[in-house]
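*Asks:* Chain by chain, the residues run as shown.
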Amino acid sequence: MRFFVESVGLLGPGLAGWQASRAVLLGTAPHISADVPLPAPELLPAAERRRTGLPVRLAIAAGLDALAHSTRRGDTLASVFTSSGGDGQVVHEICETLAGAERQVSPTRFHNSVHNAPAGYWSIALRAHPASTSLCGYDWSFAAGLLEAGAQCVVERAAVLLVSYDLPYPEPLHSKRPLEGVVGAALLLVPEKTREAFAGIELKIEPRVTAPTKMERTSLEALRARNPTGRALPLLRALAAPAATTILLEYLSENTLRVEVEAL
Amino acid sequence: MNPLTLTHYTLTSSLGAGLEAHVDALRGRRSGLAPCAFESARLDTWVGQVPDQQLASVPVSLARYDCRNNRLAHLALAQDGFDDAVSEARGRYGVHRIGLFLGTSTSGILETELAYRHRDPKTGALPADFEYAGTQNNFSLGQFVQARLGLSGPAVVISTACSSSAKVFAAAARMMAAGMCDAAIVGGTDSLCLTTLYGFGSLELLSPAPCRPFDAKRSGISIGEGAGFALLETASMQLGGDAIQLLGTGESSDAHHMSTPHPDGLGARLAMEGALASASLRPADIDYINLHGTATRTNDASEDKAVVGLFGDRTPCSSTKGATGHLLGAAGIVEAIVCMLALREGFMPGSANTEQVDPALRVHYLLDNVQQAPGRVMSNSFGFGGSNCSLILGRAG
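Listed in order, the protein sequences are those of chains A and B.
The numbers in the working numbering rise by one with no breaks, and the one at position 187 of the first sequence is 187.
The numbers in the working numbering rise by one with no breaks, and the one at position 65 of the second sequence is 65.
No wet-lab data here; the hints were simulated from the structure.
We treat Cβ as the ideally placed atom computed from N, Cα and C, and that holds for glycine.
Treat the hints with care, since some could be wrong.
[Said to hold, decoys possible] Listed next, the stretches of chain A that the computed footprint assigns to chain B, with coverage defined by at least 3 CB atoms under 8 Å from CB atoms of chain B:
no.	segment
1	53–66
2	145–156
3	166–179
4	223–236
Okay, chain B solo, but in the shape it has when bound:
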């Protein structure tokens, strides 16, 4: 693919609001995980929650979209000058020529969960103020962000579980290459809800301690929430030394099991190979890999096989889920932006919470930060249903 430029980006998670908070947290190897005190959940697990008091209501004119998920998006869009950057882009391209490609896995389902507690005792009806299209529907996020940013170009929500907001980069790049838009906003938001907390609990995948990716004693995931957005433009835009580029994307299907990765990481390898091919790069060209690294026994073992099989055991790798938790549908965009920060700031983030790397795993796993500037990095996102996506990002210089 022709490289595209990421001219502006922002993110929010339990580590904090905005880019600088994330740089500080990653440099300090801080984790945003805390014992789960979300809503009425009674589960022995840790979560990466954004404090409720930070989640201001959405603008009154968009009240029908008011839910935790869209509040998170609203918070993120107001950070790091992103609104202003979109405003300039609107002037440059026109509102019809900016595409919107967003990922979420559960959208505003929390509103539906709460509404089911208040059904009419006689008829079973949901409360009159329950707003389906503005909250539960996956495209609620798309409609909200499109209205919030004043855009009217192509817009879609991708919902492929934990690869959702990685795949938005591939969809946006294709739509730009096909000439259907001239620039794109990519992003994603996922928020804590009882469906994912109790659902992952039922699969016995929730860690009772803060998650420890690639650790010998890893015991499952910690669920987090967050949002991230980036403005994607063609590479002919003026390139500063700090400019980050999208160099390649790769997508694949495991075709193995709905909730367990392929044991040898077959689909993961196909996605990574696809990303390298689309960037016209070889494995040796990649300086750092931000792993999917969920900290389940099976994910980390399968991803390890796939990475070692393709890259050998010398490419520095880490998962930043020990810091943020697993952001599910927002993991792709948030980890892509973590990679952009690693490229911009010139370091490779180590793994929060991981104490001792599992001796059965062979990748070159970073426990501590490495003060060495990567030039090209890969970010992996793999989801339920065997949906895999790998991205390659690099410095323009």
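Isolated chain A, as found in the complex:
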């Protein structure tokens, strides 16, 4: 399955947007870990803006970062959102409430608890009516999202925005699922070699024989290893200075997703 990349978005500790992050990924600028500010998106109506939690803000900011480097309108794009954990804060608050005597679940928390909350807020913010899906593949959520977005792009012959996001759970869930770092990544994929496309991608699923591609820098490797969206970093590093290269992503317990990157 082969498709093309028109633009990229990236937010994470010390990774403040795709433009600023490229040199960090390539190792030509220092990686200074600092929180990325995630304000509520201005594009949302005030009532919705107030209700957004961090995962929604992260996913929307990553998607908008990719759009900022594109001439395409967000309302024309099909979208694929992928995340291992969704909104752990909301799950924690609901479970605390349900363990108490009153069980007064907040309606806003409940509708924010659905895994497709970021997709819902995104469609409202961008007034986007095209197809949108929301996936989970545990540690392999990014690879699963890349496969789904690629298939949609190739089969429907349409531009597709892939947004991957993951952030730490609060305690006591954190001890059971210790994710680190607030990381959001986005790829705008197209089926043809357009003028804006700067890299080609070919995907193959193979039985796992070798270890996945890692990051050389230890601080970035830590993000890759400890955050399911961080698993995208080796591919994003390849896209930061495209050249013919192969990235291996872990995909499910027994497979590798082989990503052949081609410079255009």
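Mind docking chain B on chain A? Use the hints.
*Replies:* For chain B alone, coordinates are given in the frame of chain A:
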């Protein structure tokens, strides 16, 4: 899209375990709803619960996945010869070439809810035996079913609230068309939990009586649980007269509100139009529509506008949620299989519990079963976040 063949399928819900139990219940217009006595819930509502005693533990080798949601999946997979059909498919295609596309909205969250009652009083820690990846994570269902069926091809869980296990058909069809797998298992499971019961309660969407879709006196949803699975193969497979095909899929976003549908059913209409376009069919080609029909005031009014706007007021329609309750993340697959049964058995199911159709609603709503064989049917599934999906299924003949 190129039609795909649904060669084997099965489902379980409060109506019973397996295809024949569902045919009997639909023919007899029986409802599986009963006053809510689930766990410790104290809510004035009805639910479609699968009896606890039917939910056997998952196999010992897969014990880390043991939770109500995966027990429901385990129960369904053992019915109607589905395990054997997958076993044959494994031999035919190879374990790496069969994709797995499943939907759930809440996965095994019930385990987390229960674990929060047993936190360490000093540290707040969850009990040592709480298994996050095997239960709460949405992909728990994917990992469990993949291991249970001995598959290792592409696998993913779609979680878009109440459209989750309808969208699996579209994802599977695309992945097959892209050549990433040669066949696919599609399905979904959702199980009762306190998050959805109290959550829908907080939105004042739970009916105090058995839900009555499209009724003038409808007063909200009844939550149900269940599971369904189907084996999707290319149409070149040998086609018997009973073979059911997936003809089209359509997906859209409301872009309107997180928990309220677009008042004119804009997203619903876009999904139905998308399904017709993907099947190269016109509205007049559809003989029956299985509505999303949740029985909330707003859903039914909005879906009515969308259906009448596209099909007019003569296409027979009904919601089967009065029989099963609203299966949330499993609604898409269970209602798609209800449609397959309608195609196979040659009837259109009427609506359980609905007494008098709301005169403000204009669709041709079926209160009673119609003994007339539909050739092509549509199934609608719409979810929170404005996530919509319509499927078109038909007889191969």
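*Asks:* If a hint holds in the structure, say so; if it doesn't, say that too.
*Replies:* For each hint, the structure was consulted:
With 0 residues carrying a beta carbon less than 8 Å from a beta carbon of chain B, the segment 53–66 of chain A misses the three-residue requirement, and the given coverage is violated. With 8 residues having a Cβ less than 8 Å from any Cβ of chain B, the segment 145–156 of chain A passes the three-residue criterion, so the hint holds. Three residues within the 8 Å Cβ limit are the bar, and the segment 166–179 of chain A against chain B gives 6, so the coverage statement holds. Here the segment 223–236 of chain A counts 0 residues with a CB under 8 Å from a CB of chain B, which misses the bar of 3, and the coverage is violated.
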